[in-house]
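4 protein chains.
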Amino acid sequence: MEKCEVAILGATGTVGQKFIVLLHNHPFFEVKEVVASDRSADRLYSEACRWKQSIPMPKSVANLRVKDTSDTLESSILFSGLDSSVAGSAEEAYANAGHIVISNSMNHRMDRHVPLVIPEINPDHLELIYRQQYKGAIVTNPNCSTIFATMAIAPLQKEFGVEALVVTTLQAISGAGYPGVPSLDILGNVIPYIGGEEEKIETEPLKILGVLKDDHIEPASIKISAQCNRVPIYDGHTETLSVKLKRKARLEDIRRALDNFYGLPQELQLPSAPEKPILVLDDQDRPQPARDVWLQKGMATLVGRLRECPVLDYRMVILGHNTVRGAAGAAILNAETMVRKGYLKNGNRVPKESNHFGSHRVFKSAILAKN
Amino acid sequence: MEKCEVAILGATGTVGQKFIVLLHNHPFFEVKEVVASDRSADRLYSEACRWKQSIPMPKSVANLRVKDTSDTLESSILFSGLDSSVAGSAEEAYANAGHIVISNSMNHRMDRHVPLVIPEINPDHLELIYRQQYKGAIVTNPNCSTIFATMAIAPLQKEFGVEALVVTTLQAISGAGYPGVPSLDILGNVIPYIGGEEEKIETEPLKILGVLKDDHIEPASIKISAQCNRVPIYDGHTETLSVKLKRKARLEDIRRALDNFYGLPQELQLPSAPEKPILVLDDQDRPQPARDVWLQKGMATLVGRLRECPVLDYRMVILGHNTVRGAAGAAILNAETMVRKGYLKNGNRVPKESNHFGSHRVFKSAILAKN
Amino acid sequence: MEKCEVAILGATGTVGQKFIVLLHNHPFFEVKEVVASDRSADRLYSEACRWKQSIPMPKSVANLRVKDTSDTLESSILFSGLDSSVAGSAEEAYANAGHIVISNSMNHRMDRHVPLVIPEINPDHLELIYRQQYKGAIVTNPNCSTIFATMAIAPLQKEFGVEALVVTTLQAISGAGYPGVPSLDILGNVIPYIGGEEEKIETEPLKILGVLKDDHIEPASIKISAQCNRVPIYDGHTETLSVKLKRKARLEDIRRALDNFYGLPQELQLPSAPEKPILVLDDQDRPQPARDVWLQKGMATLVGRLRECPVLDYRMVILGHNTVRGAAGAAILNAETMVRKGYLKNGNRVPKESNHFGSHRVFKSAILAKN
Amino acid sequence: MEKCEVAILGATGTVGQKFIVLLHNHPFFEVKEVVASDRSADRLYSEACRWKQSIPMPKSVANLRVKDTSDTLESSILFSGLDSSVAGSAEEAYANAGHIVISNSMNHRMDRHVPLVIPEINPDHLELIYRQQYKGAIVTNPNCSTIFATMAIAPLQKEFGVEALVVTTLQAISGAGYPGVPSLDILGNVIPYIGGEEEKIETEPLKILGVLKDDHIEPASIKISAQCNRVPIYDGHTETLSVKLKRKARLEDIRRALDNFYGLPQELQLPSAPEKPILVLDDQDRPQPARDVWLQKGMATLVGRLRECPVLDYRMVILGHNTVRGAAGAAILNAETMVRKGYLKNGNRVPKESNHFGSHRVFKSAILAKN
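Protein chains in written order, with our numbering: chain C, 1 to 371; chain P, 1 to 371; chain L, 1 to 371; chain G, 1 to 371.
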């Protein structure tokens with residue numbers, strides 16, 4: 001298979017850099033264009049970027065000349081790590097111009113026709129792209145804390161129904177980008193507030209776990225309460241969950257549902273797919289960000305301390321790598337899914353009628369088949 | 001008033017050291033004896049102790065010779081910071097010998113006749129000491145996470161009734177004593193487990209908020225779920241709370257109940273009493289351990305982010321100084337209460353019949369008077 | 001004595017806030033004006049400032065309206081925590097307008113007629129203000145790492161002569177102001193570079209330890225090598241020193257010289273003066289920033305691990321509070337010295353001829369008298 | 001080549017665990033025996049060991065039964081991560097019994113007949129094993145701070161001669177083993193003292209850079225001053241160096257000498273050898289432990305900020321991975337060298353006369369050939 005050339009939007013930022021790291025030697029995609037703000041435009045990427053990754057900057061990217069958002073792009077697929085202050089209109093403009101925008105930005109996540117996708121859970125929502133008025137399309141992945149909480153309750157929602165969820169997060173500093181959180185604010189401290197974060201965790205899962213109805217998603221009906229904290233951790237969001245189910249379930253059923261869960265990325269053995277989307281750990285003091293965050297290449301949701309809750313029904317501690325599965329890796333897995341399910345051919349959107357693999361029906365069966 | 005001479009049990013440990021710091025120049029008490037394990041016995045305190053406090057060791061204590069638990073003590077009042085591995089039998093032996101043991105240890109907290117006291121909430125429980133078979137008495141204060149959660153729900157329990165509480169804690173390393181948590185385990189990490197902690201938070205508040213019935217406490221009926229985490233913070237336990245009330249209440253009523261709350265220590269203007277036991281902060285990103293933990297000399301419970309909860313009724317973030325109000329300071333406030341309420345005279349237990357101030361009835365009226 | 005009303009330049013920044021904390025209830029000075037950038041101008045200080053101090057903002061300051069640098073100021077004495085990007089011309093303008101600018105900024109430190117003062121060491125350099133062409137004057141204190149290294153070698157320079165100094169610093173994040181160092185750069189990391197810092201440490205001590213010759217300072221002749229590192233510490237700069245002396249000295253002489261050192265602030269018992277400017281600690285693992293930085297109100301230079309050096313002559317580890325003695329506190333001690341030595345009267349510069357206390361000769365004698 | 005079966009001494013400790021991680025899938029060696037203290041003996045390794053590594057425990061090792069030091073071992077080669085409290089006599093006993101002990105412990109490093117080896121620098125010192133009275137042999141690698149400082153000055157010593165070295169270290173907590181440094185001592189703190197560390201840095205390089213004379217090493221004549229600090233960093237020792245040379249050299253000569261340096265492990269392309277033993281970085285704020293410590297698999301010495309020193313001649317900042325190149329990895333590279341140079345055959349010591357490759361002469365030529 002010939003590699004599909006892609007562009008990175010917001011390429012000098014934290015998410016953009018992570019795209020470049022994760023797409024290095026990727027079997028499907030090759031980074032050919034990097035886009036950043038005016039300030040960086042026309043400079044070499046190696047000069048424009050304050051590289052903050054732990055592996056050296058790939059040479060092929062280092063020598064790319066940075067484009068700005070007014071430049072015409074040649075790539076069909078654009079991975080967007082644009083800041084939310086500009087992503088809104090920029091992504092629309094690219095989609096109008098025919099590009100497929102695979103976005104990690106928050107701006108269009110809740111748009112009626114934009115799929116908000118975790119491919120293990122709701123790959124069928126990708127059908128929504130045919131309802132978009134854009135010549136191209138916009139596809140989004142959830143917020144870095146949403147994704148792990150949603151992954152953890154998805155198997156429970158499917159088997160037992162979830163009525164309510166109480167979440168407290170302990171979030172890493174890398175979730176705030178660069179320069180992000182000043183060290184004077186977080187060294188030896190907890191900040192019990194992250195702007196906009198709780199709202200995302202309380203709404204995005206409802207769309208992801210919702211049902212595709214023609215041209216929109218009927219949201220799931222789950223009450224969610226989120227309390228978000230920043231802690232002095234580099235990578236890895238820890239979350240404590242208490243879940244109330246609609247139907248009674250025994251602890252072992254819960255454990256089995258989590259442990260057996262898998263989805264389309266595992267079936268298709270996509271390059272970025274974790275072998276298991278959910279890893280249940282039995283040690284009583286795990287998961288821990290400093291020790292476990294890189295399990296399964298940073299693409300799994302780790303679940304520990306699964307036990308009964310005296311107030312709701314069950315509780316657990318979950319952990320995920322916020323800049324891998326929680327951001328760039330999530331977008332890349334979305335793109336891989338779209339390629340392998342026939343939504344994209346040579347990087348272009350395949351017309352609905354000819355997408356035999358991508359039809360709603362096929363997806364549904366694939367998902368049902370798992371159970 | 002002549003100062004009462006006291007002893008510190010477990011004097012070389014973290015809690016013991018904090019007792020010494022907080023009792024330095026105390027108007028009621030003067031440290032005259034320090035007790036530690038055999039290993040330290042007979043050495044000067046200054047030599048036996050690896051002092052870890054930020055103020056220099058008081059000279060009057062530095063020159064005391066360390067006694068061991070087999071030595072006879074002269075002090076009537078003993079402040080105990082003994083490790084739970086030895087506190088059980090040691091404190092009983094001291095109480096049998098006629099001493100008043102004001103203990104921060106967990107061992108006797110749930111004993112039928114031992115009061116577990118937060119003097120703003122349940123000073124009347126001190127009457128239980130007259131039911132103890134000891135010649136002296138044991139009085140305890142709660143666990144360092146329990147105390148703040150209990151303080152925060154006490155006003156709600158009184159006014160509206162509390163049905164359920166979901167707590168997640170982010171606890172400081174100083175709560176684990178010395179040497180405590182190895183740096184390799186906690187630097188840049190979260191440990192989502194603290195042995196025995198969740199059980200304490202789920203049971204101790206029920207006794208504290210319970211009702212004194214003759215010779216025991218009828219526990220309050222509240223469902224509590226606690227999930228405890230250790231975070232790389234030096235001092236200050238942060239906790240997120242979601243509370244379900246028995247009776248409906250408006251947000252402003254909740255706020256008022258918290259803000260107006262006070263108790264006996266405030267009425268009596270005890271030396272260690274915070275001016276307000278609960279401080280409600282309005283900044284959206286407070287309380288923060290690194291910034292707020294020393295407000296009111298480390299003796300207050302700080303409440304922030306008070307708002308409605310989509311799952312239960314209300315939620316908030318609370319913070320307290322775990323080694324001050326959460327440990328040594330709590331014990332000292334208990335002792336101050338006992339002195340001023342007539343339970344102790346010249347450091348000795350006052351017989352029930354002659355304790356005109358300490359009677360159940362008087363306490364009740366004092367408490368009711370507050371509302 | 002009536003208090004002198006003062007202004008704070010750069011009042012919303014980190015140094016400005018520290019000025020406000022340290023001048024709260026000061027016996028000589030009272031903050032009556034706060035000056036900040038245009039952005040903050042005309043707002044209440046409490047609204048314009050993101051207060052980052054651990055004590056609450058003094059109410060008297062909270063209600064001041066922020067002025068900008070184009071406003072005329074009423075205060076004679078201005079404490080400057082201005083950013084170096086604006087301090088240069090702004091401080092000159094104020095001095096030209098007749099104000100006494102007590103500056104912590106680097107811009108004018110090396111100006112020929114501007115004294116760079118540590119009052120324990122070179123208070124006689126204050127005479128330079130009479131050589132300034134300003135109607136008012138500019139007086140500066142050294143960089144936050146310079147001051148501790150200079151304090152530690154000053155007694156050795158005086159008694160034995162210092163030929164060379166090799167310094168490595170481990171500097172706290174609070175030295176970089178706010179927002180300062182991004183947490184992504186420093187959490188669990190060392191940054192072996194601080195822009196401009198090494199140059200300051202290698203040159204400023206030469207002026208401070210230099211000799212006043214009419215209208216300028218003849219610099220001391222000491223070779224200094226500095227290597228500066230940022231470490232994830234909140235407050236407190238640690239420095240390892242190796243010193244080569246001009247004359248032979250025994251270890252006990254070195255220790256005595258350090259331990260006995262004192263200067264004018266101690267003689268005059270100035271409000272901000274540490275009882276001892278240099279504290280020699282004997283514990284082999286001290287000084288430590290988290291434990292010792294607040295000794296003597298954060299105004300002392302702590303010296304530990306004093307011992308022979310196999311390469312140069314002697315070595316030691318020193319520590320000081322970088323935002324207290326290393327910044328705002330240093331400036332305040334300069335101002336206190338000027339008031340008490342008669343340079344300032346009612347906040348105004350006293351003409352040279354009438355300054356009987358401040359004359360070069362008097363200072364010299366005071367300094368000589370110490371030995 | 002058939003793999004050589006080896007044992008790990010002190011297998012449950014931090015160094016022991018690192019041996020297991022680094023020997024996983026090693027082309028020369030296979031871990032077949034694990035030895036630990038009595039407490040762990042007879043239990044499965046997976047049960048006896050509190051695994052603290054970031055990769056999962058290799059299954060082949062997990063199922064080994066732990067032996068104690070009184071058990072007879074079958075492996076010829078023993079990698080020792082024994083604690084210094086027991087390593088002294090235990091390693092001697094093993095060597096007497098005919099084993100080749102490749103030790104990371106400090107106990108025998110300075111023994112007259114025990115080679116202290118960095119194979120890029122002094123592989124010829126391995127000849128000393130033929131002077132040992134043991135049936136087997138003991139070979140050691142240097143202390144975790146020594147190795148990087150010695151590596152950095154080795155090229156300068158060879159080309160220009162080194163007269164003096166002033167070092168300050170900023171050492172990671174992982175250097176202290178587990179449980180090691182209590183978090184209460186190091187979180188947000190610097191500890192300016194590490195027991196025994198400075199002495200090692202001041203003496204070990206002299207032996208390593210010394211000359212093999214028949215049955216002993218004539219130590220190099222270099223004055224070294226070390227000041228060691230513990231900082232709150234997980235992995236990676238940073239060191240600032242100032243070097244005085246015997247012969248004049250230009251900055252570019254220094255740089256070239258460092259950059260071009262290589263040795264036997266690079267010539268032989270040993271499995272654990274870094275491609276370049278010394279990496280010179282040009283960015284002014286590098287090397288940084290959190291970003292650079294894993295370069296070259298953690299086996300390189302990183303050099304940055306190379307520049308002139310106003311006091312000595314040149315200075316630089318160096319960094320290395322203290323538990324990889326600074327401990328287990330160093331020992332493994334020693335063993336690889338011995339295998340490939342013919343000191344060991346089937347895990348047994350090859351008699352001196354038949355070791356055609358390992359002879360002193362051959363080594364010398366190999367080393368000379370490099371220049």
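Source of the hints: derived by calculation from the structure; they are not laboratory data. Predicted, not measured: the structure shown is a model, and the values here were computed from it. One should not assume that every hint holds.
Identical chains share a label here; the pair holds if one copy fits it or two copies do between them.
[Said to hold, decoys possible] Okay, derived cross-link-like pairs now, BS3-like style, lysine-lysine, Cα gap no bigger than 25 Å in a straight line: (1) K244 with K158; (2) K345 with K59; (3) K244 with K297; (4) K3 with K135; (5) K223 with K248; (6) K135 with K223; (7) K52 with K158; (8) K135 with K352; (9) K3 with K244; (10) K52 with K352; (11) K297 with K67; (12) K52 with K297; (13) K297 with K248; (14) K276 with K52; (15) K200 with K248; (16) K276 with K59; (17) K213 with K223; (18) K345 with K248; (19) K248 with K52.
Against the structure, the hints:
1. K244 with K158: within (14 Å within a copy, 27 Å between copies)
2. K345 with K59: neither (27 Å within a copy, 42 Å between copies)
3. K244 with K297: neither (31 Å within a copy, 40 Å between copies)
4. K3 with K135: within (23 Å within a copy, 60 Å between copies)
5. K223 with K248: Both. Shortest intra-copy (17 Å) and inter-copy (19 Å) distances satisfy the 25 Å Cα cut-off.
6. K135 with K223: Cα proximity of K135 and K223: none, with 36 Å in one copy and 55 Å across.
7. K52 with K158: neither (40 Å within a copy, 36 Å between copies)
8. K135 with K352: within (13 Å within a copy, 78 Å between copies)
9. K3 with K244: Neither way: K3 and K244 sit 45 Å apart in one copy and 55 Å across, limit 25 Å.
10. K52 with K352: neither (41 Å within a copy, 51 Å between copies)
11. K297 with K67: Neither: 31 Å inside a chain and 34 Å across chains, both beyond 25 Å.
12. K52 with K297: This pair counts as both: shortest intra-copy Cα distance 19 Å, inter-copy 18 Å.
13. K297 with K248: neither (34 Å within a copy, 48 Å between copies)
14. K276 with K52: between (29 Å within a copy, 23 Å between copies)
15. K200 with K248: neither (28 Å within a copy, 28 Å between copies)
16. K276 with K59: Result: close only across copies, 19 Å inter versus 32 Å intra.
17. K213 with K223: So K213 and K223 pass the 25 Å test inside one copy only (21 Å; across, 40 Å).
18. K345 with K248: neither (45 Å within a copy, 58 Å between copies)
19. K248 with K52: neither (47 Å within a copy, 38 Å between copies)
Figure legend: structure checked against the earlier numbered hints; hints not met, in rising order: 2, 3, 6, 7, 9, 10, 11, 13, 15, 18, 19.
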